[in-house]
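According to the working numbering, the sequence shown is numbered sequentially starting from 2.
Nothing false has been slipped in among the hints.
Derived PhoX-like pairs: lysine-lysine, alpha-carbon spacing no greater than 20 angstroms straight-line: (1) LYS363 x LYS404; (2) LYS263 x LYS31; (3) LYS263 x LYS39; (4) LYS286 x LYS274.
Simulated DEER-style distance windows between Cβ atoms: (5) ASN295 x ASN105: 40 to 48 angstroms; (6) PRO50 x GLY367: 45 to 53 angstroms; (7) SER30 x SER329: 54 to 62 angstroms; (8) PRO50 x GLY271: 29 to 37 angstroms; (9) ASN91 x GLU375: 21 to 29 angstroms; (10) SER33 x ARG282: 22 to 30 angstroms; (11) SER33 x GLY139: 40 to 48 angstroms; (12) ASP144 x ASN105: 34 to 42 angstroms.
The hints are simulated quantities; they were obtained by calculation from the structure and are not laboratory data. Quick reminder that beta carbons are idealized off the backbone N, C-alpha and C, glycines included.
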Amino acid sequence: MGRFFQGEVPKEAAINPDVVDSIIAAELSKLSVEDREKAYLDIHGVSQPKDESPDLIQSSLMEMETAMKELANREAYDLAKSMDPHYVMNDEFRLKFLRADLFNAKKAAIRLCRHFQLKMDLFGADKLALDITQDDLGKEEMDVLYSGYGRILPQHDQTGRLVNVLIANPDHPTEAILRRAFYTATTVQSEDSEAQRRGTVTIAYYLGHGPTSGFNSDISWKMPKMNEGLPMRVVAIHMCYDTGAWTPVHSVVKLAFNTFAKVRIRMHYGSHKECLASLQRHGIKPSIIPISDNGKPADLDSFQQSLRRQRKRERVNKPKRLKIFVPSEYDVLLGRGTPIQNFIGNKRLRSLVLDFQKQYEKAPKGIKIAIAQEIVHLVYQASGMFLKRDGETWITANNYTAKDKVSALFRTNRLQQK
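The whole structure should be built from the sequences, with the hints applied where relevant.
Take a look at the structure:
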């Protein structure tokens with residue numbers, strides 16, 4: 002599934018859990034006392050969020066942009082930026098990634114770059130510069146979403162953290178689970194500024210399942226990796242189980258997490274009530290956890306109603322195109338007529354297309370599309386936009402319309418050269 006998840010998934014049966022535990026212990030032993038103390042405070046919900054002064058936010062955003070320019074393997078990011086620079090460069094959007102990495106600008110830049118690669122792998126390039134909504138999910142993803150086996154709780158825990166509950170269900174396809182998780186993380190989680198600052202707690206609930214019936218090695222490897230491309234900080238991971246058969250499997254699952262997450266994992270062994278009591282000692286009230294005594298999702302009706310309300314809001318709040326009253330010299334105007342054709346931005350575009358004409362004519366169809374997209378990207382890089390008339394103002398055209406404009410210019414040049 003795309004470049005984001007490249008890397009071999011370890012086979013739990015082929016790995017000695019004792020060896021895995023030794024590897025993890027050696028990794029965690031390198032942590033400083035301060036890092037261990039921070040992890041302990043995070044797990045129990047008593048760490049204080051960072052004081053976000055306007056100066057800190059502004060300087061961090063500038064450092065993040067500098068760090069982005071130094072990164073390699075940023076094709077998905079660059080493509081998203083070429084489609085809609087305003088979406089990608091939005092300060093509020095980028096602030097989510099800074100919060101996820103505690104204002105470490107370099108780490109936030111890497112997370113942002115990974116985010117767009119993950120998004121492209123899961124939903125395709127055409128969704129890169131758009132918020133993912135329920136209308137972008139297929140039947141399998143909607144089934145997973147509405148099943149309640151993975152959900153963000155409407156109530157925060159006692160310390161203001163969001164709680165993400167995952168109930169073992171091997172019947173759901175891996176890709177559907179990942180798309181559901183991406184949607185949830187980029188809507189509910191990333192819309193909550195307090196949760197961005199305080200972090201998210203994940204509860205993995207395996208009670209009632211053994212490793213053979215409730216374990217999906219693919220998802221157990223990919224979900225931790227996925228967190229590295231999401232605008233969220235998981236500050237605690239609680240794994241609940243009721244059979245010792247899970248113990249060696251959990252050792253292997255831990256390998257997928259980075260060091261920050263590994264030291265924040267806690268295991269809870271026992272009955273449903275015993276696990277809930279253990280979670281309460283970590284600041285999570287049993288009353289907010291939507292799991293029945295038999296290990297199945299609870300409160301499904303209210304949960305599904307909230308999803309339907311969310312879908313209505315998404316449809317009402319579809320992004321409106323930006324209105325422009327006075328186009329800049331770098332913009333390209335769509336339409337007919339001498340004034341439009343003589344606009345400086347249109348002249349600049351025609352000159353740019355001529356520079357690529359020979360390369361375009363020699364290229365196969367797929368490469369022709371890429372060349373057209375590259376020219377659109379160059380216009381965006383120069384802070385220009387493709388604009389079309391909307392009454393007395395101009396509105397931004399989408400990426401497909403922009404590419405069509407460029408392709409049409411290539412065809413016009415070809416006809417004129419005959």
